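*Asks:* One-letter residues, chain by chain:
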Amino acid sequence: MEQIIFYILAFIMVFFAIASVSSRKILRAVVYLLFVLIGIAGFYFLIDYNYLAAIQLTVYAGGIIVLFIFSVLLIHHIDAEIEVATLARRILVGLASLIGAGLTLSVIWAHPFVVAENSTKPTEVREIGLGMLSYGEGGYILPFEVISILLLAAMIGAIIVAKGTRLTLKD
Amino acid sequence: MIPGVSIYEILTVTTLLFFIGIYGFVTRKNLISILLSVELMLNAVAVNFVVINKYLYPDMLQGVYFSVFIIAVAAAETALAISIIINLYRLATSVEVKATETMKY
Amino acid sequence: MDFTYTILIPLIPLAVFLILGINALKIKENVAGIVGVGGLLASTILSFYTAFQYFFKVGKVDGVYQTFVEKTVWMNFTDTLAIDMGVLIDPISVMMLVVVSTISLMVHLYSRGYMHGDQGFTRFFAYLSLFSFSMYGLVLATNLFQIYIFWELVGVSSFLLIGYYYTKPSAVAASKKAFIVTRFADFGFLMGVLMIGYYTGTFDFMALNNPAALQDLSSPIMQYSGITFMGFSVITTALVLIFAGGAGKSAMFPLHIWLPDAMEGPTPVSALIHAATMVVAGVYLVARLFPMFYFVEDGIALQVVAYVGGFSSLFAALIALTQHDIKRILAFSTMSQIGYMMMALGISGYGGVEGLGFTASMFHLFTHAMFKALLFLGAGSVIHAVHSNVLQEMGGLRKYLPITHITFLIAALAIAGVPPFAGFFSKDEILAAAYESNRLLFWVEWTVAGLTAFYMFRLYFGIFWGKERVYKHTPHESPLSMTLPLMFLAIVSAVAGFVPFSQFVSPDLAGYTTHIHMNIAAMSVGVGVLGIAIAWIMYKKETDIADKISSAFGFLYKWTYNKFYFDEIYLFVTREIIFKRIAQPFAWFDKKIVDGTMNLIGNSTVDISKKIKGAQSGKVQDYAFAFVSGVVIMVMVFIYFMN
Numbered sequence: 001m002e003q004i005i006f007y008i009l010a011f012i013m014v015f016f017a018i019a020s021v022s023s024r025k026i027l028r029a030v031v032y033l034l035f036v037l038i039g040i041a042g043f044y045f046l047i048d049y050n051y052l053a054a055i056q057l058t059v060y061a062g063g064i065i066v067l068f069i070f071s072v073l074l075i076h077h078i079d080a081e082i083e084v085a086t087l088a089r090r091i092l093v094g095l096a097s098l099i100g101a102g103l104t105l106s107v108i109w110a111h112p113f114v115v116a117e118n119s120t121k122p123t124e125v126r127e128i129g130l131g132m133l134s135y136g137e138g139g140y141i142l143p144f145e146v147i148s149i150l151l152l153a154a155m156i157g158a159i160i161v162a163k164g165t166r167l168t169l170k171d
Numbered sequence: 001m002i003p004g005v006s007i008y009e010i011l012t013v014t015t016l017l018f019f020i021g022i023y024g025f026v027t028r029k030n031l032i033s034i035l036l037s038v039e040l041m042l043n044a045v046a047v048n049f050v051v052i053n054k055y056l057y058p059d060m061l062q063g064v065y066f067s068v069f070i071i072a073v074a075a076a077e078t079a080l081a082i083s084i085i086i087n088l089y090r091l092a093t094s095v096e097v098k099a100t101e102t103m104k105y
Numbered sequence: 001m002d003f004t005y006t007i008l009i010p011l012i013p014l015a016v017f018l019i020l021g022i023n024a025l026k027i028k029e030n031v032a033g034i035v036g037v038g039g040l041l042a043s044t045i046l047s048f049y050t051a052f053q054y055f056f057k058v059g060k061v062d063g064v065y066q067t068f069v070e071k072t073v074w075m076n077f078t079d080t081l082a083i084d085m086g087v088l089i090d091p092i093s094v095m096m097l098v099v100v101s102t103i104s105l106m107v108h109l110y111s112r113g114y115m116h117g118d119q120g121f122t123r124f125f126a127y128l129s130l131f132s133f134s135m136y137g138l139v140l141a142t143n144l145f146q147i148y149i150f151w152e153l154v155g156v157s158s159f160l161l162i163g164y165y166y167t168k169p170s171a172v173a174a175s176k177k178a179f180i181v182t183r184f185a186d187f188g189f190l191m192g193v194l195m196i197g198y199y200t201g202t203f204d205f206m207a208l209n210n211p212a213a214l215q216d217l218s219s220p221i222m223q224y225s226g227i228t229f230m231g232f233s234v235i236t237t238a239l240v241l242i243f244a245g246g247a248g249k250s251a252m253f254p255l256h257i258w259l260p261d262a263m264e265g266p267t268p269v270s271a272l273i274h275a276a277t278m279v280v281a282g283v284y285l286v287a288r289l290f291p292m293f294y295f296v297e298d299g300i301a302l303q304v305v306a307y308v309g310g311f312s313s314l315f316a317a318l319i320a321l322t323q324h325d326i327k328r329i330l331a332f333s334t335m336s337q338i339g340y341m342m343m344a345l346g347i348s349g350y351g352g353v354e355g356l357g358f359t360a361s362m363f364h365l366f367t368h369a370m371f372k373a374l375l376f377l378g379a380g381s382v383i384h385a386v387h388s389n390v391l392q393e394m395g396g397l398r399k400y401l402p403i404t405h406i407t408f409l410i411a412a413l414a415i416a417g418v419p420p421f422a423g424f425f426s427k428d429e430i431l432a433a434a435y436e437s438n439r440l441l442f443w444v445e446w447t448v449a450g451l452t453a454f455y456m457f458r459l460y461f462g463i464f465w466g467k468e469r470v471y472k473h474t475p476h477e478s479p480l481s482m483t484l485p486l487m488f489l490a491i492v493s494a495v496a497g498f499v500p501f502s503q504f505v506s507p508d509l510a511g512y513t514t515h516i517h518m519n520i521a522a523m524s525v526g527v528g529v530l531g532i533a534i535a536w537i538m539y540k541k542e543t544d545i546a547d548k549i550s551s552a553f554g555f556l557y558k559w560t561y562n563k564f565y566f567d568e569i570y571l572f573v574t575r576e577i578i579f580k581r582i583a584q585p586f587a588w589f590d591k592k593i594v595d596g597t598m599n600l601i602g603n604s605t606v607d608i609s610k611k612i613k614g615a616q617s618g619k620v621q622d623y624a625f626a627f628v629s630g631v632v633i634m635v636m637v638f639i640y641f642m643n
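Protein chains in written order, with my numbering: chain E, 1 to 171; chain H, 1 to 105; chain Z, 1 to 643.
These are computed hints drawn from the structure, not numbers from a lab.
Computed from a prediction, not measured in an experiment: that's the story for all the values here.
Cβ atoms here follow ideal geometry from the backbone N, Cα and C, with glycine treated the same way.
It is possible that some hints are incorrect.
To be verified - Pulled a few chain E residues facing chain Z out of the computed Cβ check, cut under 7 Å:
(1) 95
(2) 96
(3) 98
(4) 100
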């Protein structure tokens, strides 16, 4: 059962990823990306990281994709066709990507991963929360706080940058 | 771990996603599309963290933490990038890469 | 007696030059004239005061004129060899101060009238001041290097003034020609200066002109005179090279070609620079080093001076016979008279009456400066009146230009050697000195005296007598600012001969008494009067005798009219031989091989960078692609080839 769901998810992710980078309509590309992100969220569910799946859905699907759609609607016509690279360039880059992917895959497949077979215990959100706020060994309190500062800075920065010159001219 | 699905298959999918992202990043000419490709790549990497954590070190949560951080950084990055794009659009009335080539050479 | 204040004599014109030169566009004509003339007047007063002090008050001690030197070390090379800057006061430098001051002041005054209304009036006065500064510096120089520096400065001023009408192509060409020819000669001068510095260990005139040291082969300055170069002592070679520099400046054969062309400059400039002061710098230089010329190797270098001078005077006099441009006639006359002075220096002895040639040369320099400047200024007045340089377009002007006529006549009589005018006395002394030491040169100079009288009166009769031409405007006498200098110089030309010159100027500084040599005087006056008489017959009235003679000697006439084709020979040598056969291969080598190598390096760098600059597209995507491809290739290399 899980196997079949995984294959369906994998197919959806790869298919819509390709669709997203090759679509000539920008809004559609964003929506295809949304499907990919949802697929990844489903994958997180499958792998039993429910918390991550929830974040993926809320932050990505709920936040970032909305932001994208918002900006696309601000600066594009909905059905505006975007310019793409020349065919020769696309072929060249595609070839390079294929070779790179093949190379990476060959390395991965050749590597003997030691998989821990016995573990099936579910991951609790509580554990994640405690680990995040732990200041003992292996604790992530410092990065956590740094991320919070980063998010604040990004928020202020985004406001100032998006407001443009009008804000600075008043000074 | 997912029963019946090996780590190789999952890594294959993420690798494909990552290189599709690279393809998009290089071939697209619109700044928003480029940003989309970046998101693809970021997600592929985040999945890799999680999968390797789950399959090889199921007792740890480091991969999860990193995924969370990646999502947070991606959110910040996207917000900033889009504000820059909007500002650029205001200046150049275009979000094509070729419109931002004045610093070339 | 302290002569330090004489340093002001050159410095005042320098200050005037700076003031006028820097503000050339702002200063109005009358202000520039007042400043220029005022500055020079101050220098002149100082010069005359110096002369009075030197000759009559403090100069003479026990019958011998002392030399006063005020100097400071400027550049120190070795313990003994240094370049000094300073002033040297001795009879010839003081005499030159008087000459330069007088002529320069007259020319400044004259220029105020002559250049009136000219656009570059201020510039002209600035150049004149620069020239005066340089000439004073040259005259007062204490050592060879200082004289060389000012020597080049007068060359530059001359260049600037000849090319004053820089919109006229012929003036530009003439200024270039003058500069290049004199530079070429100055190269010899520089070589000579360096050789003297190297072999004698000093540049100083006081050390070099010491007769005792010059005669003692073991003295410091003569210790290397045993070294020979092309059969002569190095010192002699150096002196000949220095004389080459002097010959270039003084337009001696074969470096004379620039002087006639230099007449493209404004006429006051011709009077000041190319008649009275700068062109006699060569004579002054030889006189300055006279003890060296005389004592080193029994005066071989002095012989060269004598023969070059003698030949030049004859050569120039012959050319002057047939020229049509009145300023060119005067130019060749100048060259001829300078040849006289050089010749007189060349045949002079040392000590007492033996030094008559030296005295006569300086005397002639003095008197010639006066009457030749007068002739040029007179010619300028004539040109001013009829707006032409060509003798055929003049005639019968004596009615219109009475003052110019009289003064010109006085100058012509003076240069022709008619007593009691100045030229008679100096020429008589030169001929007497030549008669004593070298009969060949005496007869040459005697002939030249006759030729001089002839061509000067051809000029005089041609301008002021003969048939009256049709003039566009009725000629009128020049303004007072121009005629005043004429009258002053005419008076000087008339009476300067009575100065007892030998009392003041002699090679050994002692002074002696001369008298008029009656036989020689009779001969020279005779030939002069003969020349005048022939000119009277041929040119007083419009006759066809001149044409008949010139057609009878057609071949010779053509030769002299074309200045013996010297310009053409020089052009041939420079264009065909130096430029084509020597300079062009060098230029080819320089352009193709030397520059080519360097350009190849530079150009290939530029080409390559142009080709590869496309890689720096400024697009992140291209860089990302390059980065990804690079990583892929490197990983492939590591995986498949390194293991």
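*Asks:* Which of the stated hints cannot be reconciled with the structure, identified by number in ascending sequence?
*Replies:* 1, 3
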